[in-house]
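Residue-level listing of the chains:
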Amino acid sequence: MRKNSLLALLTLLLTWTISLAQDIRVTGTVTSAEDGSALPGVSVQVKGTTRGTQTDASGAYSINVPSANSILVFSFVGMTPREETVGGRSVVNVQLAADTRALNEVVVTGFGTQSRRNLTGNIAKIDGSDIQGVPVTTFEQALQGRAAGVQITSLNGKLGQGIQMRIRGSSSVTASNEPLYVIDGIPITSSNQGTSSAPQNPLADINFNDIESIEILKDASAAAIYGARASNGVVLLTTKKGKTGKTRFNLGYQLGSSEPTRRREWLNTAEYVELFSEAVQNEINRGNLPASYLTGSTYSRFTRYAAGERANWEQGLVDTDWEAQAFQKAPMGQLDLSASGGDAKTRFFVSGQYLDQKGILIKNSFKRLSGRVNLDHKANDNLLLGVNLNVSRSLNGRLSNDNAFSTPMQIVALPPITPVIDPRTNELSGNYTLYFNPLLNRDFSNNVSTSYRTLGNLYGEYKFNNWLKFRTEWGADLYTLNEDQYFGRETARNTGAPNGLGYSSFAQVTNYTTNNFFSMGTTFAEVHDVDAVVGMSFQRSDATYNSVEGREFPSNAYQRITSAARITSGSSTGSNFSFLSYFARANYRFANKYLLSLSGRLDGSSRFGENNRYGFFPAASAGWIISDEAFMQGVPSLSLLKLRASYGLTGNAEITSVSPAGVTFLNNFAARGLYSGGSGYAGVPGQSPSQIENPDLRWEQTAQTDIGLDFGFFGGRLSGEIDYYTKNTRDLLLNVNVPGTSGFRTQLRNVGRLENKGWEFVLNTQNTTGDFQWNTSLNLSGNRNKILDLDGQIITGGYNNRAMEGQPIGAFFDIEYAGVDPNNGDALYYLNSERPDGSRDRTTTNDPNAAERVIIGNPNPTLIGGLTNNFSYKGFELNVLFQGQGGNQIYNAGGKFQSANGDFFDNQTRDQLNRWRQPGDITDIPQARLFGANGTAESSRYLQNGDFVRLKTLTLAYTLPTAISSRAKLERVRLYVTGQNLLTFTNYTGWDPEVNADFLAGNIGLGTDFYSAPQARTIIVGINLGF
Amino acid sequence: MKYNFKKILPLSLATALLLTACDSQLDLNPVNTIDASSAVATSGDVEALLVGAYDSMGDIDLYGGNIVRNAELLGDNGEIFWDGTFVAPDEIFRKNLLVNNDQAASMWLDAYRTINIANTVLANLSVVTEANRNRVEGEAKFIRGMMYFDLVRFYAKAWTDGTPASNPGVPLILTPTSEITEQSKVSRDNVAAVYTQVIADLTEAEAKLPVSNSFFATKNAAAGMLARVYLNQGRYADAATAATRVISSGRYSLVPTEDVFDVRVNQNGFNTAEDIFAVQITDQDGINELNTFFGGASYGGRGDILIEDAHLDMYQPGDQRAELFYEDGGGVYTAKWINQYGNIKVLRLAEMYLTRAEANFRNNSAIGATPAEDLNRVRTRAGLAPIAPANLTLAAILKERRLELAFEGQLVHDIKRTRGTVGSLPFNSPKLIFPIPRREIDANPNLTQNEGY
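If you read the sequences in order, they're chains G and V. Using my numbering, you'd call the opening residue of the first sequence number 4 and step up by one each time. Using my numbering, you'd call the opening residue of the second sequence number 124 and step up by one each time.
Check the hints yourself; a few may be wrong.
To be verified - Mimicking SDA-like on lysine to any residue, the simulated pairs with C-alpha atoms at most 20 angstroms apart in a straight line are:
| # | chain 1 | residue 1 | chain 2 | residue 2 |
| --- | --- | --- | --- | --- |
| 1 | V | K554 | G | A63 |
| 2 | G | K348 | G | T749 |
| 3 | V | K308 | G | V754 |
| 4 | V | K218 | G | A853 |
| 5 | V | K308 | G | A853 |
| 6 | V | K308 | G | D794 |
| 7 | G | K50 | G | S70 |
| 8 | G | K466 | G | V976 |
| 9 | G | K243 | G | W477 |
Unchecked claim - Among chain V residues calculated to face chain G with C-beta under 7 angstroms, some are:
| # | residue |
| --- | --- |
| 10 | P153 |
| 11 | D158 |
| 12 | A159 |
| 13 | P291 |
| 14 | P294 |
| 15 | L297 |
| 16 | E450 |
As the list claims (entries may be wrong) - Covered, in the sense of this in silico footprint (three residues per stretch, anywhere, with C-beta under 8 angstroms from a C-beta of chain V), are these stretches of chain G:
| # | segment |
| --- | --- |
| 17 | 685 to 696 |
| 18 | 859 to 867 |
These aren't lab readings, by the way, just hints derived from the structure by calculation. Glycine included, C-beta positions come from ideal geometry on N, C-alpha and C.
Next comes chain G alone, as it looks inside the complex:
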């Protein structure tokens, strides 16, 4: 049925094509007078007739005119129209000058492009040039603060680590909340493929200096063309194309170094001994420890931790700043070389990059080697061929997860009385320390992830005539990730492997996509502009994973598993999915003022059962350019006023599950009842049920409404957008806790609804023009996430995050700390039990089990924003980006160890010195009690506001006058210095307010700090040479 209607459409198109008559053929290119760039979508009309066409993506057009006297009218919204008499020419090239600025940039829309002026959906665009040279590992970090409604969070300061991107809030509870990433039309593998529960970021393989532009599709109108995977928004990356003309080389080099954004304060030896002696004495006095415990057990313990020498702690001979030991000198260097050029038929862009960066944490590093070739060839007037190919290799020196003793930041738990080097052996302090010493991992382990990636696509575009073309794209994303780890015998205390532990894993994800679509665009009767896309897409992804673990190595010189005397585990697994999709979109523009757009996608996926194979995702939007109405012509200074509205459905098919090892993975077979064969016992094979079936499983569906106003004044010197949206997601894919007595823990079901409501405000101004230019760009957005219905379920994550009805996702739910009883130093909690009238009993108790848990905070910021100021004067430029967020809280789950008023022997933050000591003391820190659990229950004691504003990026650059650079035969010489994360304004007392403990990070596990490394403050100097 579907095929038949498509055939009928095609037959119709064919008939049209052939019926067009032949006259004089005129071709040409329309470019911008400002920068010579091609202008797509320019209307080309034969004056006085109904004949017309539009320029294509490269600005080219061809049109048949009746005679040599015909006049061509070139018009483009926001540009001054031009008329040209053909006069016997067969090529008419035209340049159009802008009459407004920034209002009509070309925006990539997914299977097409559109002028911003004509856009009825919400798409944020970031030019590649804006993020070039930002000293971060991966492009998402460079986008922080640059797009309204887009929240980007690094989990911690480890390089190559996963990053969370939330576009207009979280629209799912258990399925992925990450957007779909598409590079040059090809969806790519963007989720973690590593074996650790701390995700690794496959997007870090991308050299973002290759990127021409990044478009973020936010509303349903913009995103519905990506159907079942568009609920979280879509990020389109377009790579650079060659430009016709002489070959231009660009050489860039930058180098610099990083340090942590903040250090914390810890007890020194004297303070440590004082606090813990007091903690022991208090418990002796309270009858919980024997009288001898201080001078006996405790002192001998101190002595043990102080390398067996009593004087080391008693006289303070050892006073180690362990925190300082977690960090290293962190230099970075990056070399970029690219060449671009071409002739009338063939254009090319080639580039290479080498990045070598050390992290602020010991043993953390990232290296990337990337090469790209983009070629476009015009075989004839009708046929365009091209290839985009990127190969890259990334080498990530990784660290243990935030919850591992071996992760560098957990070093802060070691008492200051322990020396770094054990004087008895002159080696790193080892088995006698309170916990495993992470420095042993620095010296005696390796943990390197290497990824090889080939991203490429071939395309052919055939132009049947002036208004119809067909494009076919064949893309592949081949991603392999190899993790090689070796932990020497010195780390046995942590690994449990007395003679070395080796681990190696290999993941290969192949991802093939083809897109085939017709594009049409024409103008009827001068006032009806129509363009449309109809096509299909197919994607198949296959993944294979292998891993092997070996133990018993002859020495640390042997680190590969071939030298292991015991192979202790090995595995190979796989997974796969496919999508078969049909899509269409039509844009209609009447009189350049009234805009209408319809789009839809029919998405089928292997992830769902036979009964729910296909979902349909339509969207509609409309726009009204009010400023072009006659009655608005009198309004002074108004350049653009456009009202737009959209509504549509999008889906989310990225169903995830959590493996027994805690790794979140895409569950491609979530609907089925499954048995797993991995239940052998002592060498005898076995099987067991692993998943309870749900034959009704579907994708999540989000209905999004967006109303927006675009405005421009003073010829575009002041412009902006205001949007209000609601996103209602239903049929949430939930891993619902089922009674464990069933033998299963959870079942995946489509239950529940949630909503995101928010607003976005973008303002761009050119404050001054002329020699001294000052541009400001501000984006602010607010989002309220609220879970409406979870079918009565409560889903937990993190330490005390949960998804519960009426609350934002990941809300902190725990008992509420009430401070310290001034009479006895007990930690107090509010009972918070509900009274019959619904109010809460604010009586306090010292028994955390008696206190009821309540909502104590929200990990989702309610306000995010960015403010960019660009100043330029002659060759100087200064770019300043502030980024911030507010309204969210952070839970420091490490607090019960770090700031526990001497509950155990972990070194404590210095604020613990303000502990309660005698009746009448008013303080927030309870009495120190060793093993007393006085205030260490998970509670709001360890919750803080996470608001921050950060000087994200500051760049000062100087471009040499051409007169000077040309003497060296250079076209351009630019010198710059950039600082990243230079200043942070926050009341959060932890290391860094941009945090989400890597082993917990997920949809619900949000805003938790657990020995998570701070972000890096990086300063670099760089040079760009153009020749």
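Given the structure of chain G, go ahead and fit chain V onto it with the hints provided.
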């Protein structure tokens, strides 16, 4: 009208490209797993599922170790010291469990997972070949009986505490779950009902299991477990009789003290002549979680459980069992779990002698042997002088039991059964009972919480 080949070709190609993809591309199959509907079709499938039940029972939170560790932490009276950082065992050691204690949750979940596998085996006995059917049934019931015995001991009041027939026990689920419905929200059966089921399962297991069955459950394993259950209930004659069935089978013998436990390092586990049932650990499969917590850092452990002098001082001079300790990193550890790939002993012959000795002594009987004979077998093996029958006391038997079975998961249950104390807590303190996991109450409001949570 003339048809231009150059125009027709691309259009046909385009059309073909647009329409060639077809629905069958969406029919993909899982790579790592198989559909439940086809998983249990043959006798071999059911037997593989039965192996899955052993695997599940050997999970770290069950007999992979934590079920044993938790009984030792919860019952400790100052003989060990918890030096670790994991919050859940720390709470257990301090006898101060919070209701969200993750050990309480995972033990519950994994036990019921094991029970569901056993139930699935039992529901599919009809496809098992005649020759194997009794054995398969016996093994599944052995596993199910053991799981319920541990559940009722940890999550409900002790048999010795009040009226078992009115104390809430744990929900009894005896059929497999293939879908989640309202009926899945079960209520707690009473303690007596759970014990009745445990005894029924183990009795049937004993009847149907073969005498010899590799390292899997045997007739004697079921009898030995029954002896433990009866002793726990104070049914001394039944306990002595069940123990006698094991002892008089002649299949097991006491081995020298140094061979009772696997004190090799990093070697695959094996069963000794004394072992009646043990969870098998190899470097390929299974984790010896007791090594993780009781083992020193040099032997693959975390070194979290230190043995205190209070325990070491209990051994008489000459007791060879006092040698089963070692020092590592400044702490003293038990050598019983020194081998990280050693098996986890669940039932061994010495326990049968001690059980029979105690049961006969309390019952004033001599089923199988006199109490002194049985006790002295264990004492002599440890290199100690026998106790004359006239001097034998219950305290001596219980002390012998404590020393012989130290760190093997009997402690808190023995205290409850003998109405002892843990520090200042009486045997029936609510603090010595695990909470029904909070997540379970959240998912199933029909469950009532234990006192004190």
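Hints, verified against the model:
1. K554/V / A63/G: violated, 81 angstroms
2. K348/G / T749/G: Answer violated: K348/G to T749/G is near 59 angstroms, above 20 angstroms.
3. K308/V / V754/G: holds, 18 angstroms
4. K218/V / A853/G: holds, 16 angstroms
5. K308/V / A853/G: violated, 26 angstroms
6. K308/V / D794/G: This hinted pair holds, its Cα atoms lying about 15 angstroms apart.
7. K50/G / S70/G: Distance of about 12 angstroms is within 20 angstroms: holds.
8. K466/G / V976/G: violated, 41 angstroms
9. K243/G / W477/G: Since the Cα atoms of K243/G and W477/G sit roughly 18 angstroms apart, the hinted pair holds (cutoff 20 angstroms).
10. P153: Where the cut-off is 7 angstroms and the nearest Cβ of chain G is about 4 angstroms from P153/V, the hint holds.
11. D158: holds, 6 angstroms
12. A159: Hint holds; A159/V Cβ to chain G Cβ min 3 angstroms, cut 7 angstroms.
13. P291: Interface hint status for P291/V: violated (14 angstroms vs cutoff 7 angstroms).
14. P294: This interface hint holds because 5 angstroms falls under the 7 angstroms limit.
15. L297: violated, 11 angstroms
16. E450: violated, 12 angstroms
17. 685 to 696: holds (count 12)
18. 859 to 867: Answer violated; 0 residues pass the 8 angstroms Cβ test.
Hint violations for this structure: numbers 1, 2, 5, 8, 13, 15, 16, 18, all remaining hints satisfied.
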